[in-house]
Amino acid sequence: MCRACAFAEIVIRLCAELAHRMSASDDPRRVHFQSPEYLVDRLDAIAELFDTDRTDLLVEAIREYIEDTADSETFQELVATKYYDDQLEFETVKQLVGAESAQRLRLLKADLEDEPLDVAAPDDDVDVYDGEVTTVETSIDNDER
Amino acid sequence: MSDRQLETVVADTSALVSLAVPRADAAVGTDAPDPFQYLLTSCDVFVPPEVLAELEDITQYQDIHAAAASNVLAARDHYMVRDPYRDGETPDARPTFGLDDGETDGIVLANALDVDGFLTDEFGGTNFPLIHAVLQGPRLIPTPRFIVEYARNGHLTDEEANTLLTTISPHRSWEDSPYVTQLLQRLNA
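Protein chains in written order, with the working numbering: chain C, 1 to 145; chain L, 1 to 189.
Hints are computed from structural coordinates only; laboratory data are not their basis.
No experiment lies behind these values; they were computed from the predicted model shown.
Ideal placement from N, C-alpha and C gives every residue a C-beta, glycine not left out.
Watch out, some of these pointers could steer you wrong.
[As the list claims (entries may be wrong)] The following label-pair restraints were derived from C-beta to C-beta distances:
1. 100(C) with 188(L): 26 to 34 angstroms
2. 166(L) with 120(C): 22 to 30 angstroms
3. 100(C) with 90(L): 40 to 48 angstroms
4. 52(C) with 94(L): 27 to 35 angstroms
5. 166(L) with 126(C): 24 to 32 angstroms
Work out the full structure: start from the sequences and follow the hints.
Listed below in structure tokens is the structure:
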């Protein structure tokens with residue numbers, strides 16, 4: 001990599017990191033919610049075993065849940081579909097899938113909403129293969145290239 | 001020339017293979033529209049030598065991608081191969097975009113020739129914004145959209161475009177793509 005490219009890459013990385021930091025605060029926020037009692041009892045038992053407290057375990061559990069969910073393809077597809085259908089705002093999409101994926105979805109949404117391009121009529125009479133066409137019986141190939 | 005004109009394009013390996021899938025599929029009739037033939041007879045198409053090398057590699061397999069790649073190579077007289085690093089205006093060596101070599105060379109070539117569009121299948125991955133960012137003038141066109149444009153210009157019926165996308169989809173992992181689903185929905189609306 002040349003020096004200019006290396007520098008550009010560092011700048012891009014720093015910008016991405018800054019954007020991530022700006023997107024959410026690490027300050028604690030108190031939340032109240034109802035839970036079945038037996039779950040809280042088990043949680044407290046686990047907290048005692050690990051010599052920690054309920055809050056730390058819950059925060060860790062939430063973090064893991066969010067990471068697992070956000071990584072799943074089904075989740076990503078659902079966010080994309082709702083965003084394309086105008087059921088989600090861009091800022092929400094960023095929260096749900098992260099800035100990088102959100103940017104991809106924004107570009108694709110703009111592409112979907114773009115006006116038609118002017119493409120000339122193809123010429124059906126031209127044999128572009130000059131008589132050398134290979135065909136195969138189709139079964140679905142998973143190994144994509 | 002309007003800025004919506006699509007007369008000159010650079011295509012990457014994935015786009016060429018996808019467009020060539022229908023003709024390579026023995027189950028598709030020879031009278032069905034062939035999007036690869038459409039590309040070559042309605043646009044001036046340029047590819048870098050690296051894309052030819054990647055196509056050669058794909059032909060070593062025994063599947064529809066190999067057949068499609070063979071057909072792209074058989075049509076060699078109908079597109080132009082240009083080395084993007086032989087021009088005074090372009091870099092002397094391949095830049096590091098974080099993309100594969102064929103895509104990188106295709107982007108450098110597209111920028112150097114200032115073509116109307118760069119065709120790629122890279123709409124499902126994180127590379128899409130990156131390609132968008134490094135293309136200086138050419139429009140980034142996902143392959144499924146390129147097919148839909150023929151319907152929007154009246155060169156294919158909506159049903160024909162629909163059939164082409166659903167023919168290609170299972171071979172190119174397009175069937176779970178919300179983007180392709182949306183293209184189909186908007187086509188059928």
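Hint check:
| no. | hint | verdict |
| --- | --- | --- |
| 1 | 100(C) with 188(L): 26 to 34 angstroms | 31 angstroms, holds |
| 2 | 166(L) with 120(C): 22 to 30 angstroms | 25 angstroms, holds |
| 3 | 100(C) with 90(L): 40 to 48 angstroms | 28 angstroms, violated |
| 4 | 52(C) with 94(L): 27 to 35 angstroms | 51 angstroms, violated |
| 5 | 166(L) with 126(C): 24 to 32 angstroms | 26 angstroms, holds |
The structure fails hints 3 and 4 (numbered hints given earlier, in ascending order).
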